[in-house]
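Undergrad: Each protein sequence line maps, in turn, to chains A and B. Residues in the first sequence are numbered from 1 upward in steps of one, following UniProt numbering. Residues in the second sequence are numbered from 1 upward in steps of one, following UniProt numbering.
Hints listed in this document are in silico derivations from the structure and should not be mistaken for laboratory results. In this text the structure is predicted, and so the values were computed from the model without any measurement. Each hint should be verified, as a subset may be incorrect.
Said to hold, decoys possible - Sample of chain A residues lacking proximity to chain B, with all beta carbon distances greater than 10 Å (derived):
#1 Glu292
#2 Cys298
#3 Phe328
#4 Cys335
#5 Asn338
#6 Cys342
#7 Arg386
#8 Arg394
#9 Thr433
Stated by the list, open to error - Looking from chain A toward chain B, a few residues come up when the C-beta cut is under 8 Å (computed):
#10 Ser320
#11 Leu393
#12 Met489
C-beta: ideal position from N, C-alpha, C; glycine also.
The chain contents come next:
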Amino acid sequence: MAGFFNKIKSASTPSTAQATKDVVPKKKDEIVPELTPLEKMLQNAGPLREDGTDKFFGFENALFYSDLFRESVINYPSLSPSGTPNGSRPKVNVTIRPPMPAPPPQQQKKGISNKEAMKQRQAINNGQPVPGQPVVKPEDKPDTPEYKKKHAMLKGPILELAQENAVGYGMDECTFTGLKDIFLAVLQSSTRTGVLSPQRFLEIFKRDNEMFRNSMHQDAHEFYGLVLNDVIANVEANARRLQEQLDIKGNSELAHSVQTALGSALMNNMTGYRTPGTGWVHDIFEGVLTSETKCLTCETASQRDETFLDLSIDLEQHSSVTSCLRKFSAEEMLCERNKFHCDHCGGLQEAEKRMKVKRLPKVLTLHLKRFKYTEDYSRLQKLFHRVVYPYHLRMFNTTDDAEDPDRMYELYAVVVHIGGNAYHGHYVSIIKTKDRGWVLFDDEMVEPVDKHFVRNFFGDKPGMATAYVLFYQETTFEKVREEQEREGMEEVKLATQAANIAQDESSDKPDPAPLKRQVTTPVVMPEHESLATLAHAATATGVPLPTSPIIESPKIPEMPFVAAQGVGLTGKNATKIETKSRDDLKREKKEREAAEKAAKQAEKEKEKLREKQLREDDKKRKEDHMKAMQARRNEQDELAKVLEASKKSAAVEEAARKKEEGGSSGFLDRSKRGSKSMSKRSFSFFKDRNSSLDTTTNGDAPEKEKEKEKKTGRMSIGLGRKRSTPFLA
Amino acid sequence: MFVLPPPPRYPAGAYGVGLGGVVPLIETNNTLSNPSGPEFRFLVGEGTYVLKEDLNLATPPPHPSEAPVVNPNPLATTPQPATAGTKMSILSLESRPPPFFYRGPSATTLSLTGGTLSIQEHPSESRYSTEGGMSSDDGRAASSEGPAASTTFGSAPAFGEGNSLLAPTVSKDVNKKKKPKNNVTKSNSSFISRVIVNDSLARKLTERPLDGLFAFANINRAFQWLDMSSPTKQDYLTKILFTKAHCLCHDVNMVTKSVSHIDVIMGFSTGEIIWWEPISQRYTRLNKNGIINNTPVAEIRWIPGSENLFLAAHMDGLLVVYDKEKEDGHLNPEEEGLTASGSGSEGELSNGSAISNGIRGIRINKSVHSKNQKTNPVAAWKLSNQRINAFSFSPDNRHLAVVSEDGTLRVIDYLSEKLLHLYHSYYGGLSCVCWTPDGKYVLTGGQDDLISIWSIADKALVARCQGHRSWVSALAFDLWRCDDRNYRFGSVGEDGRLCLWDFSVGMLHRPKTVAPTLHRGSVSSKFTAPHRTDTNMSMNSDGKGSIPEDEWEENVIEHAVQPRAVIPMLPPVLTHVVDSHPACWLAFTEDAVITSCKQGHVRTWNRPGVPTGNEEKA
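Please model the complete structure; the sequences and the hints are all you need to start from.
TA: If you want it as structure tokens, here you go:
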């Protein structure tokens with residue numbers, strides 16, 4: 001959703017979405033593809049799946065990841081009138097652009113708008129610009145979203161839907177066919193990652209929806225509503241046509257969707273045609289609300305049912321989604337200008353009204369009304385209320401006769417709005433994929449994130465990023481439990497990372513440590529899960545960080561791995577203790593000093609070295625990791641051996657680190673997770689690096705920005721800290 | 001069509017600027033204010049509570065060596081250190097009897113393995129208040145015990161009893177308690193950044209009233225020792241600034257406290273633990289560099305009645321018992337294979353499956369009965385891989401209630417290291433837990449905005465309390481308003497509200513529709529939720545299928561989630577916004593209710609009839 005959405009924002013600039021990143025230029029004109037976190041995660045993914053759940057294209061959105069919806073869309077015209085043989089899907093006409101050394105002009109344009117925003121971001125956040133320093137373009141700096149987006153474009157493959165397949169589906173070209181084409185294209189793609197241009201879809205969408213035919217930033221929630229409505233309308237129109245065997249031309253959805261466009265929650269009353277096979281959109285997203293109105297004069301209660309595709313809920317400061325939903329169903333007095341027309345006693349009467357959910361949808365879409373019209377400014381203002389949302393939910397506001405009123409929902413997608421007001425901003429989405437955990441989709445950039453990342457958008461964090469639309473899908477208690485058990489390892493890992501962030505420097509000071517501390521052991525419980533899952537868990541969580549030389553290895557320290565492979569024993573692996581040997585500590589200290597020197601070296605050199613080192617490290621780590629996984633299973637040995645092994649491993653590791661040092665200038669922002677030793681080193685680089693960042697990022701960024709702004713006349717991203725108001729001006 | 005709007009004007013400060021995001025750049029002092037107005041008082045049945053004062057603990061700036069983590073990108077995946085708002089440990093040095101004595105109707109002793117698991121506190125219960133649930137306000141109440149603790153060992157055996165290695169070395173002189181080894185003020189540890197001791201500390205300590213309250217409070221990387229009885233309580237007695245680690249939890253030992261000795265333990269975001277003795281300003285580091293466990297400590301408590309042992313909940317689901325005076329050892333689960341078999345069948349039974357499914361039991365990584373007790377940990381129990389948010393000892397000192405981020409409540413017999421019950425929240429994680437003063441009920445609060453009341457005797461959920469508008473963050477009983485049949489407790493939540501609740505045994509046992517909650521014992525007799533059954537739960541929890549019925553008593557009992565319709569829903573007797581920030585802790589004292597929030601505001605709400613300082617001045 002967010003992916004699409006940005007495309008609309010930059011109306012004239014067709015853009016693509018992507019899923020890979022970090023192509024690292026090794027030499028100036030040579031592009032060496034580097035494994036991205038996402039790719040790493042996918043490395044042991046096995047064969048491609050039929051259902052497309054393991055595709056990670058930049059465009060993807062909450063709708064695609066709703067299994068039900070995706071399958072329905074794909075399978076919808078089950079018997080295509082044009083006689084497509086059953087079983088073979090019409091091939092979508094896709095142009096796959098090869099990865100290009102240079103992005104095509106149109107994309108560059110898009111890139112610019114991003115850069116622009118990013119520069120602003122950085123300028124704002126890095127404080128005072130340091131004049132006279134060379135400016136590094138944001139997109140050249142690894143770790144920035146721009147960089148990743150750019151390289152995703154470079155890497156490709158880029159899927160462009162050249163033309164519609166509508167005829168193949170026996171339907172006129174419409175929003176539905178556009179969406180279906182996109183889904184199919186992703187499904188049929190032979191790669192797991194890539195960039196997909198939704199341009200064609202957007203053209204159709206804009207054609208049908210006048211509102212979106214401009215360069216304004218649009219509302220993701222409206223967009224969602226419109227898309228769903230269009231799909232419903234398209235499908236129904238099609239069904240109607242088939243049924244009546246009439247050649248009805250044109251899609252009726254236009255008028256309808258425009259009518260219902262403006263941010264209404266209960267946007268549809270499409271009670272019309274519900275032929276079998278066409279109601280699937282309703283089945284998935286539609287619930288039924290009952291509004292009970294009780295006339296206070298004659299005490300007559302009347303009920304009216306209405307369907308909804310999502311619930312727009314009012315927010316209040318420091319509340320939870322649960323509470324907002326309850327408030328949604330709280331009693332409301334209809335009085336004064338808002339009186340109720342009572343059929344029983346006739347005329348306008350005061351009444352009590354309350355809305356309850358009569359039928360729960362399979363996918364519950366909650367739209368948080370963050371944009372509120374304020375009379376003072378006569379404009380929409382964004383509310384930064386802190387609204388917490390749990391990973392699981394049950395609805396309190398059901399009617400007594402509702403079926404399964406205790407239905408369990410799980411959060412599976414969050415659309416995040418970044419920006420200070422209702423008129424500008426950027427959307428990203430965070431989606432829980434079937435078995436690869438949470439993934440962040442930001443335009444072309446797709447990145448795995450950890451589960452706790454989802455909680456960054458309650459509204460109380462700096463950066464003006466807030467959850468805007470929440471998607472909860474039906475689940476069961478059993479599934480939740482199973483999943484929690486699966487996630488266990490990741491939780492442990494995150495907890496460890498959290499601790500390491502705050503790890504003190506005291507470990508830099510070598511304390512006389514008793515010998516017994518020399519055994520380093522990973523946090524992973526050996527007998528916990530099958531090898532495959534373990535491997536996955538580890539990689540998946542190691543991934544969220546973009547590349548940097550001192551990046552976390554999946555938090556498991558390297559030492560035990562070496563030990564495991566070297567001696568084939570790690571009797572201690574099962575313990576969850578990470579310790580530092582004296583050697584270790586000394587070595588670290590040395591390293592740190594050396595690294596500090598290194599950090600002062602010229603930036604360019606470092607960059608190169610770093611990239612190189614990074615690749616090596618990744619490889620090494622992966623190997624080590626895999627070996628350790630296996631070794632850990634047949635662990636059983638005495639302490640003495642372990643000690644030896646760890647000494648050896650320390651030596652090995654030291655050697656490795658020495659190599660590494662050259663390139664260890666490091667990145668601050670993301671380098672702090674990972675193994676303890678790693679994070680500590682990154683701390684030590686922190687200062688140096690920080691200053692260099694300042695110098696490199698600021699420069700004359702603001703001026704450039706202004707220029708670019710003039711050119712494009714809009715910005716697609718409004719980031720930065722709240723108080724730095726001028727940047728959106 | 002829209003016209004492009006004028007440039008945005010952000011409401012400075014009010015919104016958006018994160019509650020957690022405001023990081024001061026210069027060090028500030030605590031401030032004390034006395035706001036008044038209608039919003040600073042609230043009326044309950046017994047009268048009006050009035051805000052006495054608002055003590056704002058200064059949030060320390062980041063350590064100079066620590067570059068401020070300001071990432072412009074709101075999508076940055078940089079993990080932030082764990083923080084936990086401000087919590088307090090309150091302590092009174094004076095001995096005073098608890099507000100009331102709980103005398104159970106019958107003096108039946110507990111049968112731990114039998115089917116009739118009814119928890120009645122021992123008639124000579126004098127310790128319950130030590131553990132007054134989550135609240136640490138037990139200072140006053142608890143003081144009666146102290147050295148007399150050994151008498152209660154008779155009723156509930158002391159933790160680790162039977163293991164001669166753990167037998168407490170009897171200290172001949174109370175005033176010669178063993179102190180930690182390092183001087184905190186002269187410390188050159190890089191773990192501790194700075195220690196500021198009040199210039200007139202000695203004078204203050206001698207001049208203060210004996211029954212005055214001490215408070216220990218954490219805020220981010222600072223830890224403060226305050227004298228709540230002082231008119232200038234904003235002047236801390238001691239303030240410790242840690243370099244990077246954030247203090248997340250702390251507790252004061254009620255057994256060893258005296259005028260010359262206070263044992264404080266603190267758990268940190270690094271997983272490390274500090275034992276600090278404020279009077280002599282000495283400290284010891286435990287779990288140094290995370291040698292025993294390297295995940296943050298979410299909750300830490302002294303084991304009731306113990307001088308040396310305390311329990312820490314690490315966020316990877318491990319409960320560890322430490323001895324404050326022992327060196328860190330190496331936690332080696334292998335050795336438990338041996339010890340667990342000695343400790344009983346449950347240990348073995350759960351050993352294999354526990355870790356993989358996290359349900360059937362607890363895995364005993366090291367038993368308290370282990371023969372190797374030279375070093376820490378004394379015991380270590382792995383509950384699951386999910387983060388533990390809080391735990392609470394039962395007033396009878398036999399049981400432990402543990403709540404986790406995955407929404408589970410575990411009732412553990414920690415003396416015999418057995419998991420007895422496993423309950424689930426309605427949905428979402430559970431964040432706090434506490435026992436009724438008589439130990440008959442356990443209360444939990446969590447991310448479903450509810451407080452759930454679980455009956456130990458009935459082994460079932462008996463009520464849900466709805467009143468918070470966001471997640472519930474802390475619970476505490478008001479011992480001064482509880483009696484044999486009626487309970488008063490308070491709760492605070494992320495909505496910044498304080499809710500007060502009254503419930504009585506009669507209310508709880510009046511079922512709303514059917515009476516599934518009254519059935520005792522086996523889950524099978526229970527109402528079956530429409531969407532799930534107990535059987536399939538046990539099946540999928542370990543894939544082994546349901547356990548035969550006769551094993552239920554011995555195995556852990558996992559309880560089904562009860563549908564909303566069959567559980568009574570209690571309303572609060574009061575809800576009041578006590579803070580403009582999410583609240584995170586509360587406690588009841590004889591004179592007041594004290595609340596704190598994530599921004600360090602500690603507010604004291606005087607009980608009806610207690611004069612506020614403001615009035616006195618006027």
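Undergrad: All hints are to be evaluated individually against the structure, with a verdict given for each.
TA: Right, here's what the structure says about each hint:
no.: 1; hint: Glu292; result: 18 Å, holds
no.: 2; hint: Cys298; result: 29 Å, holds
no.: 3; hint: Phe328; result: 13 Å, holds
no.: 4; hint: Cys335; result: 25 Å, holds
no.: 5; hint: Asn338; result: 25 Å, holds
no.: 6; hint: Cys342; result: 31 Å, holds
no.: 7; hint: Arg386; result: 7 Å, violated
no.: 8; hint: Arg394; result: 5 Å, violated
no.: 9; hint: Thr433; result: 16 Å, holds
no.: 10; hint: Ser320; result: 4 Å, holds
no.: 11; hint: Leu393; result: 6 Å, holds
no.: 12; hint: Met489; result: 6 Å, holds
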